[in-house]
Each structure stands twice: as C-alpha cells, then as structure tokens.
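For the record, the sequence lines run as chains A and B.
Residue 719 is where the first sequence starts when you use the numbering used here, and the numbers rise one by one after that.
Residue 13 is where the second sequence starts when you use the numbering used here, and the numbers rise one by one after that.
Source of the hints: derived by calculation from the structure; they are not laboratory data.
The structure presented is a predicted model; accordingly, all values stated were derived computationally and were not measured.
Treat the hints with care, since some could be wrong.
Okay, derived cross-link-like pairs now, EDC-like style, lysine to aspartate or glutamate, Cα gap no bigger than 20 angstroms in a straight line [stated by the list, open to error]: (1) 52/B x 876/A; (2) 52/B x 977/A; (3) 52/B x 981/A; (4) 961/A x 223/B; (5) 52/B x 898/A; (6) 52/B x 910/A.
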Amino acid sequence: MLKGVVFFRKRKAHPPTASVTPLRISSELNSPIGWQGKLDLAFAYAQEKTSLVHCQVQAPLKVQRPFYPEGNRVCHSVILHTAGGIVGGDRLALNVTLQPQAQVLITTAAAGKIYRSNGLQARQTTFLEVSAGACLEWLPQETIVFNQAIYRQDLRIELAPGATWLGWEITRLGRSARGERFLQGQWRSHTEVWQQGHPLWIDRQWLQGGEPWMDSPNGLAGCPVIASLAWLGAPISPELLEKIRLLWDTTNETSGFADGNDEAAVTRLQSGLLCRYRGNSTQVARRWLIAVWQLIRLSSSRQTACLPGVWSL
Amino acid sequence: MPDLHSSLSLLGLLQLSSSTLPVGAYSYSEGLEALVEAGKIFHGESLQHWLAWELRYGSIQLEAAAMVRTYRAIATDDCAAILYWNAWLSAVRETEELRSQSWQMGRSLLRLLQDTQPNREPNPEMVTKLAEVQQVCGHHCNFAIAFALAATYWQIDERSALFGYLFSWANNLVGAGVRLIPLGQTIGQQILLNLHEAIELASQTILTLSDDDLAACGWGLSLASMTHETQYSRLFRS
C-alpha cells in the first residue's frame, strides 16, 4: 500500500482533508497505517542502585542511556520520539515495569506533537506497573495538539501496595503561539490508576475541536493550555494539602507570569492528590507543577530533585 | 387507561426524583457557588448554559451511565458489577467534595430505603438485594448506585429512572442557582423547562454509550469544585 511511505519520510502535518471528525470517534479506526512504535522498559533495584534491566524499543520510540544526577537510587530516563511527532494512524505502545523498591524518573526529550490528522486516529497506549515500595515519577514534557488532530491516549497504572506514582501531563490545544486554535479534531485521554483490583483514580477526558469547547466556561474557557498532576499511592495529610494549595500564589508572586485567566486548584483523591491547571501558558503550568512535585518529594522524606537537563525552563 | 402497575411506577418516579427526597441534595451546589462568586455565572442565561453543557458533555453523563449499568446489574443479580460501578464512580469523581457528596447522598438514600416499606407488598427478593448492595458497597455507596437500587425497589423502568436521575440533578442545581445569583422562582422554572430538551438528548446518548465511550469534558466543573472546597464564605457544603 502507498501508505507505507509514511515510514520513510520526515513527518510533516498532513494536507487538509475534507473529512469532518464525527462526534465521539470510536476506537475502531485502528488500521495499521502509521508507525507501530513500541517501548518496553524494566527497572530493578539492587545494592542501592536502580538499574534499567530490560529495554526493548521499536522506532520511532527510543530511550537514552539512563543517568543518575541525584545518586544511584533514582534512575532518570529520557524517552525520545525520533520522528518528531505523531500522525493519524500511528500506534505507540509503552510498557514500563518497576520492580520492588526501584525509583525512576521518566521524562521526554522534547515536547510531543500530534499533527493534523488525515482522518485516522493516532493512539498511544501506556502501561506502567509499579511494584511494592517502588516509586515512579512520570513527567513528560508538554504535548502540542495541532488543530484537526485526532488523538487518543490511554494511560494505565498498576500500583502494588506501598508503591507510589506521580505523573503529570501538560497539553496545549492548537499552536496558540501562532494564533491557531483547536477548532476541529478530537482529543481523548483516559487515565486509570489501580491498586490490587481497586480503582484509585479514573480520569476520562475528551474534547472536541470547536469554539463551544474552547470557549465555554465548562470546557477550556478560552484557554489553550490544560495540565494535571496526580500523586497516588499515599494518603495526603491535611497539612500537606494546605501547603500545596498555597503554592499557586507563591510561585506566581515570585515570577508574576500567570495572568487573570489562569486558574489552578487542588483536591484530594482516594489515596492521593490531584492538581489541575487551565490557562494560557505551559511555562506557568510547568513551574507550578514542579513546585508541587518538589514539595511532595520533600514531604516523602526524599531530597528535592534536580531538574532533568532536557527541560528548557 | 394506564394500568395500576404503571401508575404506581409513575408515583414511585415522582417521589424518587422529588426535591423533597431527604438525601440532602439541596445543600450542594456542585461548583455553582464558586462560579457565581467568580462572576462566571451571573444570570439565568449563564446558569442555563452551564447546566445544558454539563448535561451534554459533562460528568453527569458518567454518573447517569453508571446508574443505568447498576440498574441492569441489579436486574441480573450481578453483584460484582454493582461493586465495580460503585468503585468506578468513586474513582471518577473529580474532587473530594463531589465524592463526599455522592457518598453522603447514597448513604442517606440507602437508609431511607431500609427504613420505609414500599407501596406494594415488598418483594422478598428485593429486600435481599437491598441488603446485598449495602453489604457490597459499604459506607461508600455512591448516590447513582443507591438511586438505581431505589428505582428497582420501587419498580420504575430503566428509562424513567434515567429521566428521574437527570431531572432531579437539574432541578437541584437550578434551585441552587436561584438562591445564589439570585433569580426569581419563575425564571428558575423557565430554565428547568428550557433544559427538558437537553435532558431528553442526554438520556438518549447515555443509553447508547459503550463503556469505552464514557468520557466527559470536566475542566470547568473540576476547577470550580476544587475552588469551592476552600471558598471562604459559602452557603453550600463541601
């Protein structure tokens, strides 16, 4: 089929197509046309060091050699998407396993890009398994969803007793820096965190491209950037919750970047915490989420983390 | 001439979806109080827009869909499914405030069912089911789950139960909006009338959604409810 060409050319957004996205596109559009990227990683903890013990990748996904900027206990890993972005028909599958006591921070080398679709859905499925006493920090850089992209991601996390997961996601809908808005297409993001057969948090988000979604106060209220941070596996004390709630004001007082439309708030989950941001700036979102993450690090009697060098802050 | 059975079902529906059902719904605003304070909802039109959107794309669809699934699970005696949808709903609720509300109202409705006799000879099977759900869901029974049980107990059909669930939700929040903005009672009733179409559309959608389709656009509600948890001065509870 002609479409095989996709594998060899440099990824560029598809030309505009006449196809209009149906409401609630189903997952049936799974014809294998684009990349079938895979990434399987396993980390183990032994002799006071967390090591990458299994690594199997299939283009366009790759992983950099692990590094240890904060000592041997915490292994930092950077995932790369070598094609530059995701287009309709792509299927990416990521599996990460942390064996007992492993401590891992995973981020991405650059902002993710979801290009305008040719009519097919692009899909990323991620499965994270965190064993007893292990801790996974899942901190990808932001994702830019181009206008007319059709994208779905599924993130499932299995926590063993005593395991913790801290993850965030920062999404920009439309390349707003150049005035583009997300007026067509669809973005769907399902996140589920389970512990021993019990769901701790299920987040089923979807957005349809279009002004009603972008402008309604129920939806994005005119803001192109949404972000969430969730921390699960540990109960949150009222004192810590209180401290985290104060961070939005203090981080903005010191840097003064957030504008009047930016909103951020915090709540408790069953056995965890959830922070949400809706605003205009991925920088503001990221700075706030980093502050929350650092405070959580300190509270769980670990050092504040040194920030991964791939982040351009 | 409707038969006695359907008349009695209708009466059950009216009672279950009445604003006087003593489950404490009136003490919650589901984010409206924070939205009114922030000036985002300030008149009848903005209130109606908010509620119509939630019915069409918001998390009330997830609740109602879980209610329908539980209704079916009770009919087929599928205890595992009841437990699953209850746990699913607890995990899906956006905020601590919304989760606590759902649990408190669910608990109150279960207690009400226990403490009252149905209008017809209680079906021994149903009594067992009530006990079962209580056993299964324990202290944290979500309102949608208890509502499905009440609907089964009072022999209300599935579609009517769904209408009742959505209507009582809308009725309660229109009431909250009327108090908060404030609006005249007539305007409140007009908004509720205007929402009939949205309720009808939502119920059609909900009945056709697959489990995998269950998703909502909840950024506005999520932020408003989180903000309400720390709102300094307020009428409505967390």
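A quick look at each hint next to the structure:
A C-alpha spacing of about 38 angstroms is found between residue 52/B and residue 876/A, which places the hinted pair above 20 angstroms, so the restraint is violated. A threshold of 20 angstroms between alpha carbons decides the hint, and for residue 52/B with residue 977/A the separation of about 17 angstroms falls inside it, so the pair holds. Taken as a hint, the residue 52/B and residue 981/A pair is honoured in the structure, with Cα atoms around 13 angstroms apart against an allowance of 20 angstroms. For the hint pairing residue 961/A with residue 223/B, the CA-to-CA distance comes to about 38 angstroms; that exceeds 20 angstroms, so the pair is violated.
With a C-alpha separation of about 25 angstroms, the suggested pair residue 52/B and residue 898/A falls outside the 20 angstroms cut-off, and the hint is violated. Our distance criterion of 20 angstroms between C-alpha atoms is broken by residue 52/B and residue 910/A, whose separation comes to about 31 angstroms.
The structure shown violates the earlier hints numbered 1, 4, 5, 6.
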